[in-house]
Every structure is written in structure tokens, then in C-alpha cells.
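Use these hints to put chain B onto chain A, whose structure you have.
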Amino acid sequence: MKILVILISISLLMALLFLAMFVKAQKSGQFEDLESPSFRLLNEKNKTGYNGKREI
Amino acid sequence: MEPTTSHSVKTKCTYCDAECDPRTIVHQNENSFCCFGCATIYDVLENNAHFDVDDSEISIEYKQYDLEEVFNRLVDFQNDKIYKIVLNAPAIHCSSCVQLLEDLPEINSQVVNTRVNFEDRSITVVASKELPLSKLAMLLDKLGYPPQFNLTRKADQEQKDKQVKLLRKVAVAGFCFGNSMMFSMPHYLGLQISGDPFFVGLFRYLNVGLSALVLAYPARDYFTTAYQAIIRKKSHIDIPIVMGVLAIWIWSLYEIFSGAGFGYLDSLAGLIFFLLIGKWYQNKVYRKISFERSIHDFLPISVRVKAGDDNGWVKVDDLVPGDTVVVKQGEVIPVNGTLGEGDARIDYSFVTGEAIPERVEVGEPVFVGGRQTSGTIELTITEKQDTTRIWSAWKTPKTESEDKTHWTTKVSMYFTPAVIVVAVASLIAWLFIDPSKAVFVFSAVLIVACPCALALSGPFTFGSIVRVLSKNKLYLKSSENVERLGNINHIVFDKTGTLTNSQSMNVAASDTGLTLAHRSMIKSLVEQSNHPLSEALSVYLADVPQTSLHDFEAYEGLGLKAISKTGSSIKVGSAEFVGVEPTSETRVYVEIDGTVLGHYTFSTAYKSGIQQTLQQLGKWFKISVISGDNDGERNTLSSLYTNFRNLLFGQRPEDKKEFIQTCHQQGDKTLMIGDGLNDQTALHRSDIGLAVADNINGFYPSADGILLSESFDKLPAMLALSKYSERVLKASLAFSVFYNLIGITFAVAGSLTPIVAAILMPLSSITVVGLVTALVSFQARKLQLI
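Chains A and B supply the protein sequences, listed in that same order.
Mapping of the first sequence onto numbering that gives the first Met the number 0: residues 0 to 55, in sequence order.
Mapping of the second sequence onto numbering that gives the first Met the number 0: residues 0 to 785, in sequence order.
Accuracy of the hints is not assured; some may be wrong.
For the chain B half of the interface with chain A, some residues (derived, Cβ under 8 Å), not all of them [said to hold, decoys possible]:
hint, residue
1, Val97
2, Val115
3, Asp160
4, Val163
5, Ala170
6, Val171
7, Ile192
8, Phe198
9, Trp619
10, Phe737
Heads up, simulated PhoX-like pairs for lysine-lysine below, C-alpha to C-alpha not over 20 Å straight-line [what the hints assert, rightly or not]:
hint, chain 1, residue 1, chain 2, residue 2
11, B, Lys168, A, Lys23
12, B, Lys161, A, Lys23
13, A, Lys26, B, Lys11
14, B, Lys161, A, Lys26
Simulated from the structure, these hints should not be mistaken for laboratory data.
Every residue gets a Cβ at the ideal spot worked out from N, C-alpha and C, and that includes glycine.
So here's chain A without its partners, still in its complex pose (with noise of 0.2 Å):
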């Protein structure tokens, strides 16, 4: 049974990591414009990261 207490760890780190990639990619803004991205998909000439910051 002490085998659970390792799952639990497991479970319970695995959600804190989702939650924190939920906060850093709603950092990095990309929760903010759901639209434009899929339009510069398509453009060549404008290499942009997936959070839309130019690589420059």
C-alpha cells in the first residue's frame, strides 16, 4: 500500500506542473489573442514564435 504514497506525490506534482504551464503560458499572453495566430500561419515573410514575438 505505501506504493500509493508515491502515486499520490506523482498526481499531485503532475497537477502543480499543469497548473504551472497554465500560468506561464497565460504569462507569455498567448491566451490573449485566440485569432491572429492561425492568419500568420500562413506568412511566410513573418516568422513569429508561438506567443507572436517576432525572431528577430
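Below, chain B alone, put in the same frame as chain A:
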């Protein structure tokens, strides 16, 4: 790229193949484009077109943004070399727009970087300081994306940041709720593991940790609001919430650390999670409209002053009597003055609602707020410009915050004492029945009697109604306006521009003496002029073929004259022009070879379906019309709707204001429907004021909401839906009370186990939210709004 021609009824864009919106369509050669972006990209690709802006082209509207104090307020960031600014550009509407704007650095090398936010219709531009802001704005304008500057943008940004933080809190609360629930499961389900003292301890302490996190971060705002409300001795729905939360937490900690039980910490996390979702939903803006536009967006703060041969830019405040101000075609008159030179035809529609431009003779006064419609004029300043005084008439006085307590707040006012009474009563009762359980019952009552469902019903009711209204093009400033809209019983129209159709005029012909040949002469003649009456007449004579005319002459403010190919002379114009007795109606006379053969009478055209809309509204509301115009329209209006409570004409703004006040004294709740600016005091005085407009980007300082004129016929249904909000709230209140009664019964009976709490509390929140959303969408469907 091959140009394609479409033969379908709906025109398709040559470049992006999207269906063209007739309002934004751009025709170029044989091609049609859905927007200027597509047209420009196509042009650049096909013809290597080049785009540049000449300094002399920069419009006065934009010039003022170069002034240092304004510039500093607008930019997000600046150093010696570059600046960064966010501009709103409502014209952005397709992928080509994004592509074109993000390729701006290729069009103008002084632009360092651009980035479009499609959802906000905004552009973030980083540009070199060598490129003045006015030139950047003009460049965007020329590309077809006239930018809007917003001096209050930083405040909007704060609101947005708040919402971002709120969502983060929802995420954290959700994380705690989910995990806490998982650790509580073995206990609820009576699994074998729940007998193991090690795991029981582990789960309990993990739950304590998670709950501490919930209280420290996501729930913090509830504590601050409740604390502030208590200090100010005001009732607030957060007080009973905080009371419940604290009761749960303290009791649970007591149970856990004394080893007496498991506590209700999972319910606590769930509670906060649902409450935060409600809060987030309420603040969610469905379509961002900037209501708080500055007066400077409309009235320039710097003007072009003539000094010798040179034109310099001067701030309006620095003008001295004798200065000459140059106003070009299409620009707004920035100052009061007298006309010095030029052909002034001023469109005062923004100030007075009068659509036909007024002709001003040299030496006559010209007033701020009008728009010059033909050529460049020069104004002479006669007195020191007191901008604050001029603008004060335009500015909105701050809303006197009537301390309107929402009835849900009132309920929460009674809620708290009621809960305490029940809790104390059961405490006393249990002291006699079983003293060991008395404290448990006391805290159980506090735990279960949480106004959570009540706190959620408001946000979800108003939130979903606002969503339905926005879909139908009624944009409200805030969700509280839904309730105010639902409470009105008297609709007051300002006739100008609200019941009328600004795009067209009715033409009544008295032209029996005119042959087809005559009419084609008239048609050809009026085609030569862009006067509004000529244009209306040209539309009226749309089916008439044109003929060739020569010796065309135009007499300003009077009419037009020409000679036909058969040699007969034709004159079309005012009564004065053809020499007949003028009437009070707006008429255009036709004189052929010296004889007046007929005339056309122009009258305001009402919105289509206005009669039906008024009759629908009349079933529920008193309707009044107070108009600033003369009573020429009285008969037409009376024939459209017979039951007007008041039908007043020639009303000055003060009269309108007084009228609204009289209505209020009689106990009426008024909805004022105006066109934004000229009736702003009345709009502001009324319980709720809506501006009817053709586009949402105008300047409507006092309106609580904007109704696009195309949706005017949906107004009765939308008002009915707002009225329905009260019933929805009452239904959800009933549900909330019902759940609380069940919960309190459990609690008073001393049988509120954690599992009962864990089921009952989320269930009440979810059913209330579900009920509210379902009721609203059902009603909206019934009213054919979705």
C-alpha cells in the same frame, strides 16, 4: 495570383475569396475586394504599388498626437530612438488585414515592428522616433485602417489585467478543488485505505495544505471586500460568504487536528472555485467596445494656423484673437470663429442632428463641432478660446452614484442575521439534547447556509443576457444595465436620427408636368452635384436614363443650371432660385425654359418597420417623442403610432432634461433613446440611455449602451428579455432558498456529514447556473433573438 471573377450574387473578394460586406467593399478596376487590406496587398503584388505619406497630407485629427504631453500619455514605451504604441483599428477584419499590417515594416522602413491583436482589433507598433506619430497614423489611415487613439487605454488595460488574474485564481482554485476531492474520495467511499491511520493522516494534512492555499490566494478578494464592507457598515454579499468560508475552515481544522473527523475542506475549495467562475463570467467582455473615448478623439486640440505663407501647428489654448485657422475638407471645426475665406458648408449633424449642411457666408460665425464638407476654409478667431468652457457642454458630468442597493444585496442583508439566528437557536436546542454535538451543529449551519447559489445567479443571468444582446447588436456598457433596462416603463425617443433612417430621404414628386425627357435632364443635372438633396433626387430618379447637357453652372446654396442638347435651358434648385414663393417644406423646383413645371418635396424617411416596432413597444411601455426639430413631422409621426404619451417638438436640450425629470417625479423609469451627443444631458438624466448609431466606434459619451440601427426592430424583444432577467433571478433565488433549507435541515438535525456537504454544495451551484443559463437561452429563442 490570378484575379478571379465571381458570378454569384454575393460578391467575393478577388484576393482572399471571402464574401464582401457591402459596407467595406472596395472596387478597383474590375476587381472587388472585401477590405482595403486585400486591395492593397493585391495592388502591391500585382503592380508593385508603393505607399508613402507626404507630410502635407497628414490630417489635423492626427497632428495633435505629436504634441509632447499627448504623445507621452499615449505611448506604452519610449526611449531616444523608438516608441511603442497600441492603436485600435476597428477596420481589421480578415487575414489579409493581419498580413498587411504585420508587413508594415516593409512598406515603411521607419516602422520597426507591428503586431496585430485580432480579437481586440488593435495593432501594437514599434516605430523609430524619426516617424512622427501623426505620420504613422496617416499611413495606417491611408492603408484603410484609420487608427483610434485612446487616452484611457491604460485604464482599460488594468481591467484586462484584473480579468487575467481572476482566471489564474480560477485555475488555482480548480487545482485545489480537484485534488482535495481526490484525497477525500477514499473516505467518502469507505475504501480500505481510509482505515489506514497513515493515509488518513496524509490525506487530511494534504487537504489542510490545499485549503490554506485556497484561502491565501484565490479567496483573498472575498476577505478584503467583506472587511471593507464591515468597516463601512454596509451589507455585501461577500460577508455571509466569508462567514461560511471561515466557519468551514475553522471547524474542519478543529475536526482534523482533534482527530474527530475529516472536515469539509474539499467543499471549501469547490465553493471558492464556483464563486470565482461566476465572477469571471460576469466580467467577461464579449466584444470589446471602447466607450470611454476622449473628447480629443473628436475635437482636435491643435490647429493649423496661417502665419504668412506658412501653416504652423498651434494648440487651441494658445490661439489669440486675430489668428487665422485653416480647416480642410472633411475636418471638424476645432474652434468658434468667423468665416474668413472659402466656401463653408458645415455639416452640424453631430451637434444638431440636421443632415443637410449649412452654408455660411464670409463674416458669419462658425461653431465648434461642425464638419466642413466642401474645400478648405479659413476661420478668424474673434475671442480668446476658452476650451474648457466650450467642451464642458460636451463633457459628461460624472454619474452621481446613487446608492442603489441591488435586491440580491438586500437579501444578503437579511441572510446573515437569519443564519446566525438559526445557528444560535440550534446550538441552544442541542445543548439540551446532546451537548457534545452542539458546537458541531452550530458550525454545520454556518457551513451549509452559504449564499453561493445566490451570488452566482446574478452574474450568470446578466452575463448570458448581455451575450444575447451583443449578438443582436445592442452593446451595453456593463451588465448592471440589463436590470435597469428591464425596469423601465417609459421610452423617450429623440426623433432626430433615432426613428429616422439617416441613409435615405423620402421624396414626394409633384412632377406631372414633366416628361421623361425632362426627367432625364433633371437626372443628368443632379448627377453633377454632391449636395445631399441632389444625391437623394438622383437615387429617386434611379430608373431614368441620362442625357447629355452642356453649359453646366452651379449656384452655391441655390441650385444647378444647364442647357440640353435640344437647346432648352433647365434649372433645378430652391424656390428662391426659380423665383417662386418659398414654403416651410424642403423642396427642389424644376424650371424648364423659364416655366416651373414641378417640384420634389423631401422629407425624413423613417426606419423600415418602425410602425410595427412602435406598436410592439406600445404594448408594454409609454412612448414619448421629444424632438429638437420643428413640428413638420407631427402628422407623419401621429399616423405611425397613435398612442404617444407626449409628442413634443422644438425642444431645447434643457427642455429635454426637464422632461426626463418630470417623468421621474411621476415615478416613471425612463429609457432615453438618442443618437449620442446632442441629447446627451437627457440621455444622462434618464435611468438608462441608449445611443442608436450606424457604427459602434462613434463618440457617445453619455450612453449606457449602443444599439446599431440595423437592429432597431429587435428592440422590443431585447427589452422583453431584459425584463425577464428579474424572473430568472427570482427563480434562482427560490432554488437557492430551497437548497439552503435542505442543507439547514441536515445541519440542524446534526447529520451534515462531509459527504452530504460535498454533494449538496457543488450541486446547488451547478443547478443554479444551469437553470439560469437554460432559462435565458430558452426565452431568447422564444423571442427569436438566437
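Hint-by-hint comparison with the structure:
no.	hint	verdict
1	Val97	4 Å, holds
2	Val115	5 Å, holds
3	Asp160	11 Å, violated
4	Val163	6 Å, holds
5	Ala170	5 Å, holds
6	Val171	7 Å, holds
7	Ile192	7 Å, holds
8	Phe198	7 Å, holds
9	Trp619	39 Å, violated
10	Phe737	35 Å, violated
11	Lys168(B) with Lys23(A)	14 Å, holds
12	Lys161(B) with Lys23(A)	17 Å, holds
13	Lys26(A) with Lys11(B)	39 Å, violated
14	Lys161(B) with Lys26(A)	13 Å, holds
Going down the numbered hints, you'll see the structure goes against 3, 9, 10 and 13, while the others check out.
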